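S.K.: From first to last, the protein sequence lines stand for chains B and H.
When we follow this note's numbering, the leftmost residue of the first sequence carries the number 1, and every step to the right adds one.
When we follow this note's numbering, the leftmost residue of the second sequence carries the number 1, and every step to the right adds one.
Calculated from the structure, these hints are not laboratory results.
You may find that some hints are simply not true.
To be verified - With the C-beta cut set under 10 Å, the calculated list includes, among others, these residues of chain H facing chain B:
1. Leu56
2. Gly91
3. Gln99
Owing to the predicted nature of the structure, the values given are computational and were not obtained by experimental measurement.
Glycine included, every Cβ here is placed at the ideal spot set by N, Cα and C.
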Amino acid sequence: MKKISSKVGGLKNLMFIGALLVLGLILLLDIYLVDKILAPLEYFYLFFAILVIFYGLYPLYVNRRLTKYYWERTKRHRLAVFGLSFIAFLIAVAIIGPFLTQDPTKVNFEEKNLPPLGFSIQQSVYDLKTGEFVTRETPGTWKHLLGTDDKGRDMLAMLVSGARVSLQVGLLATFIAILIGTIMGVLSAYLGGWADMGLMRFTDIMMTFPFFLLLVFIIFIFGPSLAFIILAIGLTGWTGTARLVRSEALSLRTREFIMASKSLGASDARIIFRHLIPNVLSSIIVIATLSIPAVILAEAALSFIGLGDPTVTSWGVVLHAGQRTLDIAWWVAVEPGIMLFLTVLAFNFLGDGIRDAFDPRSQL
Amino acid sequence: MNNTVLEVKHLKTYFFTRSGVVKAVDGISFGLRKGESLCLVGESGCGKTATALSILRLIDSPPGRIIGGEILYHGEDLLRCSSERLRQIRGNRIAMIFQDPQTSLNPVFTIGDQVAEQIKLHLRLKHKPAMERALYLMEQVGIPQARERMKDYPHQFSGGMKQRVMIAAALSCEPEILIADEPTTALDTTIKAQILDIFRDLKQERNMSILFITHDLGTVAGIADRIIVMYGGRVAEAGTALDIFDQPKHPYTHGLFNCLPNISAGRNRLTPIPGMIPSLIDPPEGCIFNPRCEHRMPICSEERPKEVVLSGEHFVACHLYS
Chain B
1 MKKISSKVGG LKNLMFIGAL LVLGLILLLD IYLVDKILAP LEYFYLFFAI
51 LVIFYGLYPL YVNRRLTKYY WERTKRHRLA VFGLSFIAFL IAVAIIGPFL
101 TQDPTKVNFE EKNLPPLGFS IQQSVYDLKT GEFVTRETPG TWKHLLGTDD
151 KGRDMLAMLV SGARVSLQVG LLATFIAILI GTIMGVLSAY LGGWADMGLM
201 RFTDIMMTFP FFLLLVFIIF IFGPSLAFII LAIGLTGWTG TARLVRSEAL
251 SLRTREFIMA SKSLGASDAR IIFRHLIPNV LSSIIVIATL SIPAVILAEA
301 ALSFIGLGDP TVTSWGVVLH AGQRTLDIAW WVAVEPGIML FLTVLAFNFL
351 GDGIRDAFDP RSQL
Chain H
1 MNNTVLEVKH LKTYFFTRSG VVKAVDGISF GLRKGESLCL VGESGCGKTA
51 TALSILRLID SPPGRIIGGE ILYHGEDLLR CSSERLRQIR GNRIAMIFQD
101 PQTSLNPVFT IGDQVAEQIK LHLRLKHKPA MERALYLMEQ VGIPQARERM
151 KDYPHQFSGG MKQRVMIAAA LSCEPEILIA DEPTTALDTT IKAQILDIFR
201 DLKQERNMSI LFITHDLGTV AGIADRIIVM YGGRVAEAGT ALDIFDQPKH
251 PYTHGLFNCL PNISAGRNRL TPIPGMIPSL IDPPEGCIFN PRCEHRMPIC
301 SEERPKEVVL SGEHFVACHL YS
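Looking at chain H on its own, in the form it has when it is part of the complex (with noise of 0.2 Å):
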């Protein structure tokens, strides 16, 4: 497919810890469309932020490294490209925006100043345009009295207000690709759906491409297209929003949705995954996912399950469909 503006094969990013290698991302592939959006879910650890980082290489090094796959922007190997050119198109051509907003804004510098900043960095501009840029986008994303709110400080801001502002930098120049790590995890529900508004927009509006990063698969209901299910830093399954939602094959998918309120199902208990999430520094032999799984076969501790085409985009990684 052409229109695909972010492809990732194979990733592996490893982190070398004290204690053995965790292999957070094990041999990761997706691709991302032009003005589609696309959600990784799955619990913490098992990889989402560090998949995301990678894409930008932004894992710290060391103690973690990529140590093989590709990740094509346009058809352009991020992972081979100079720094020089990494730094163009951070920010500039695929934004990120991340998990905290409380911490993500430096606190000795203006709100203004820190939206102009990156204005100021790709797009060349002075200081006055590059304010009044700054200006637009956070009226854009709904900040109220943005002239005024410029001058203030990240500790004047609310959580929510703060979450804006990394968007509106993020915005900035209008990038392809935006990652979103998390977005609204720090925010309360009324702000959380503001925010996923937001995105909605952009998306629509400006035909952007996002990867939208979250444990919530409530989240991802109202704004994917496509889901990745990820699990022990592999992927689970994967299929589009309706798939995934309509029918999930992956028993770690079926999980997930036991462990979230459904009012029209009538179900007052939530069920939820036994187990924990295996260390992925010795991770279980075969499927990773198979000692806290319901439909446990011999095979499964054996075998590392290849992936399944059910039909379309719908594919699963478990032997119950081999």
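Just chain B, same shape as in the assembly (with noise of 0.2 Å):
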């Protein structure tokens, strides 16, 4: 047990890799043996989850002196505590709160468009004893908290199947997009050269595409399903994150101790590894968290159009629904819409509470 403990690097990336593993084996079973024992983005999930637990919460949790110092200084931006307060609540509502709420996609036409507890409304109800249309004074109930949409559907319900969904979205995305952007900065700057321009050029164009046409183009192509509108979010939000990582690694690969580590005989990959990414992972840290807010927007505005998954409630999709009976039932529409405001601002205020809390120069 030591012994590969100690090749891998420690007990943490033993347990790590023990992790994967278990996961690789579900998979399997999945596969060859049982059928659907998760659904493939919630493999996704599991395995992000691991990852943030190993290299993100464990870490936290060893270096306690360091984790307080990061703590003391986010702290004292108000918002930012704000922000994260809100986020670990979006978090927990996302993962148990599927299990305390009504099924999101019951229809039920004799509880549509329920206000939400606490309002009324006057609609005309179709009355089944005399089979005739009558307008009747209808109050938000118990029962739906949030009210009901046009089909019945409890708004409370639907918006705790779309926090899960926006959070998928919007970690996973930004994921895969901080990985590759990570990737193209790091290789353009330590390689320089020839590489360096290939790349950024190849970063340019990406950028000059118009990102929304091209999110709906790829939608248009591989149909509407949330894991391609997860991947299409990712391959093509890199660039700004290429960028960043680039110019950061840049004047690192002119201080001393990477040309310390080369003159010791470090190879190039351990130089990119061990000295360069783990200098610009504080800004790689801000910029994730920067760039998830959007991509949950992004992923909205795709589902407001009607491109997102149909087979899944969205903010996006509820919102969608609700500008048909705007004038009627104003929840529907509004209660995603103030969800998503409040999470975009939460990881805005949390982003930049954490960029001061990771610049030794902002004096807090």
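Since each chain comes alone in its own frame, lean on the hints to assemble the complex.
M.R.: As structure tokens, then:
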């Protein structure tokens, strides 16, 4: 055990590999023996969760002194704390919420267009006894705290489901984008010369592409499934990261410790992974936090114009449905709008807070 | 001579910049023997560092390129060996220490990790024994409470301590040759003396060959066996420390000595060398030092001086002696 763990560089890495193996085993079982243990996206999601636990939360726990230091600095940003709490709340809702709420896809026309609790509206309802339409006062009910839409689906359940979708899209697409961007940026800066030219011109070309049009195009070709939407956003959204990482890595490359480690016989890969990437990591974390809301909005926008995955209930889909009934049931559009607004704001605040906390020059 | 471990022959390193070709190293030759310390002395920009970096092929390319010459390590030409082989030699057989200890360490890893990195790489040790060896090395170079301090990060170390760490890292694989590029320039005087002591011990105890690069003749005096005075990418004068200190011949060497404060000589003004170091893009014709030389003759601006052997190993490139 000890031998193996020292080979991969510590117990942490060993456990990480173990967790990945377990995940792979489930995947194999899924493919060959049992059907549908998890949806494809959930594998992706679990992989991401494992990554975050081992390389995000675990180091934070081990280096408690540093964690405390960053927390102290982040805490001074009140809005960042709000952002963090809201995101934590959102993550909790996304994970356990769907088990507690009603089925977000259950249609019930008898309870359609119910306003949120505490509101009431006049609407014409088909009366079963008389067989006529009558205008009747419909108040909000405890059963549907946030009301229902024009098909009688529970708004709360839909919002909770939307939180899950939004976070999935936001985290996974950002992860893909950051991964590509970091590799491109670091390679470009480290290799220099023609490789740098080539990679950066490619980045320029990617940037000049109308991003949204490209998304629409990809989805048109491959179909509106959530996995493709995530991939499409991830594969197009890395350009900014690549630029930022390149500029940071360029200034790092000329620092003496890179030269020193080269003079002591380190290989290129070692220099990139041990010396360049760890030193740009704080910027990467900041840009990742700030790009999550952009990705969430992009997914919402796609869903809003009807290019979202029709099988999932995302905030954009609900928003899209809500605009048709804006004249009678305003809450259907407003509620997901508020959620989007708060989520985007929370991530932005948190990103700002983290940036200041990570920057040793900023006087907080 | 057979105990030569490193031989540099007609090394030419040019930098191809937008404003022209900088001939940073223009045909330099020297040999480094086992257990010997050789000092390269000269002003900033005379090609000392470029020479040192060329030996390990660390010149940034572009813009730099080694365009000619040979660097023979035990007869093996480092300029022509594979990058794989070069990586085995770097750090393992030939190690290098840089000028500024403040930036020579990676800020995001602990000191112990960084010293152990080389050890794991070259000696193929596991984490634990590598850390043990790192600890031993750090004690060797005089870092107090090394066991605790290994867990510290570079920003918690002072400049002198960081330079010790760099030396410890460079020594990790017991290299045969240590190239020290102005290792004491960024340090204050007392620390400088301590660091020089470490170098002296290394040379004596481990019979290590040291290529010491500095602009400071005062530093050289304490450590050098032989001295090479460089000017404008070429060798101006070379000889044993005694030759250079007792009988400096080249006007440039004289000039360097006149810049040194000397209490016993009773001088109270220092005499600087007039003028500026010439542009190496468009160097003066003939002897590169001629525009600043007080003994200038007509031939100096026409013909590049040949190296004149004065005695034994003492030679000088100056028309005054030909």
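S.K.: State for each hint whether it applies.
M.R.: Verification of the supplied hints:
no.	hint	verdict
1	Leu56	6 Å, holds
2	Gly91	3 Å, holds
3	Gln99	8 Å, holds
When held up to the earlier numbered hints, the structure conflicts with none and fits them all.
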